Amino acid sequence: MKDLSNDFLCCPVCKGELDHSHRDTLPGDLPVLTCNNCSNNYIRYESYLDFLGEQGLIHNSRREKIVRSVYAKFYTPATNFMFLFCGGVRSARKEVVDQLEIHDNDTILETGIGPGDNIPMLRKKAKNLKIFGIDIQKQMMIHCSGNMKRWKDTIYLFRADAEQLPFRDRLFDVVFHLGAFNMFSNKQKAVDEMIRVAKPGTRIVIADESEKGNKIFNRINGTKIEFISPDTFVPGNMLNISLKTIWKGYGYVLAFTKP
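Throughout, our numbering is defined as the position within the sequence shown, counted from one, plus 376.
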């Protein structure tokens, strides 16, 4: 992965500057980025940067591990199964992507990028897009980077937590999240982080299962994930707040504009 200047990246824990000239390596000759403030190290792999090493990962409670395990094992298969009732996977994803306000040369952030299934749709909406994607799962990093090679596409990939984004303030023209928002332990923090990294005027979009869809998800997977209406987490100073039902009632799309 190519270096990104401090105009883009920061330490996800303390928001300090990262030392991109650091030449030390970890065992196995893996290069690292080091925070100049808290001294956390972050590993740079060939296709992604890993911001969830032991030093940087704050969510280590038993509940967090369970939620992350459910996400890794069940979320994508269960979601794709549910999408079959909504006209198909592509149609369900398109229903969300069509809500995004994308223009040529925009810089886009997708939190929870998964295998990158939304990327081809984004590319069709505008030219010269710079796309950043994060996910908490290593498997998704590998899967997504493999898809990018297969599709001959290039994006910036990061293993990171949506509740602790490794990006500077006011960077992105488009910020969105599709799926698994209901599983976040601190939804308010995730929304606040999306707002922080968005430019003023950016339309932020979040989509996931509705209360109806969440009940089915829990039934399929034997989970007890609580549903809380997502507009609860939108600060009062945001503009043009909209909450709509999608996916034939099994999902929602929340959208609002950063002032």
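Everything labelled a hint here was simulated from the structure, so no lab data went into it. Note that this is a predicted model, so its numbers are computed, not measured. Incorrect hints may have been included.
Cross-link-like lysine-lysine pairs, in silico, DSSO-like; alpha carbons within 30 Å at most [said to hold, decoys possible]:
(1) K391 <-> K470
(2) K470 <-> K528
(3) K600 <-> K620
(4) K591 <-> K503
(5) K563 <-> K528
(6) K575 <-> K600
(7) K624 <-> K591
(8) K501 <-> K591
(9) K563 <-> K591
(10) K501 <-> K470
(11) K565 <-> K528
(12) K600 <-> K624
(13) K588 <-> K575
(14) K600 <-> K501
(15) K563 <-> K470
(16) K503 <-> K514
(17) K588 <-> K503
(18) K528 <-> K591
(19) K514 <-> K501
(20) K620 <-> K588
(21) K528 <-> K506
(22) K620 <-> K470
**Message:** Given the hinted pair K391 and K470, is their Cα-Cα distance within 30 Å?
**Reply:** Between K391 and K470 the Cα gap is close to 34 Å, so the pair fails against 30 Å, i.e. violated.
**Prompt:** For the pair supplied as a hint, K600 and K624, is the alpha-carbon distance within the 30 Å limit?
**Reply:** It holds: about 23 Å lies between the C-alpha atoms, which stays within 30 Å.
**Given pair status - K470, K620, alpha carbons within 30 Å** = holds, 15 Å
**Asked** Given the hint that K600 pairs with K501, does the C-alpha gap stay at or below 30 Å?
**Response** violated, 37 Å
**Message:** With the threshold set at 30 Å, check whether the alpha-carbon distance from K588 to K575 stays at or below it.
**Reply:** Violated. K588 to K575 sits at ~33 Å, over the 30 Å cutoff.
**Pair hint outcome, K501 versus K470 [Cα-Cα no greater than 30 Å]** = holds, 11 Å
**Prompt:** Regarding the pair K575 and K600, is the alpha-carbon distance no greater than 30 Å?
**Reply:** Given pair K575, K600 is violated - Cα atoms ~36 Å apart, limit 30 Å.
**Message:** Just to be careful, I want the Cα atoms of K588 and K503 compared with a cutoff of 30 Å; is the pair within it?
**Reply:** Status violated; Cα separation ~37 Å.
**Request:** Take the C-alpha atoms of K503 and K514, compute the straight-line distance between them, and say whether it is at most 30 Å.
**Result:** With a Cα-Cα distance of about 29 Å, the restraint between K503 and K514 holds, given a limit of 30 Å.
**Request:** Starting from K528, check that the Cα of K591 is at most 30 Å away, please.
**Result:** Violated, at about 38 Å.
**Asked** Does the structure keep K563 and K591 at a Cα separation of 30 Å or less?
**Response** holds, 19 Å
**Asked** Is the Cα-Cα distance between K563 and K528 30 Å or less?
**Response** violated, 34 Å
In this structure, the earlier hints numbered 1, 4, 5, 6, 8, 11, 13, 14, 17, 18 are contradicted, and the remaining ones agree with it.
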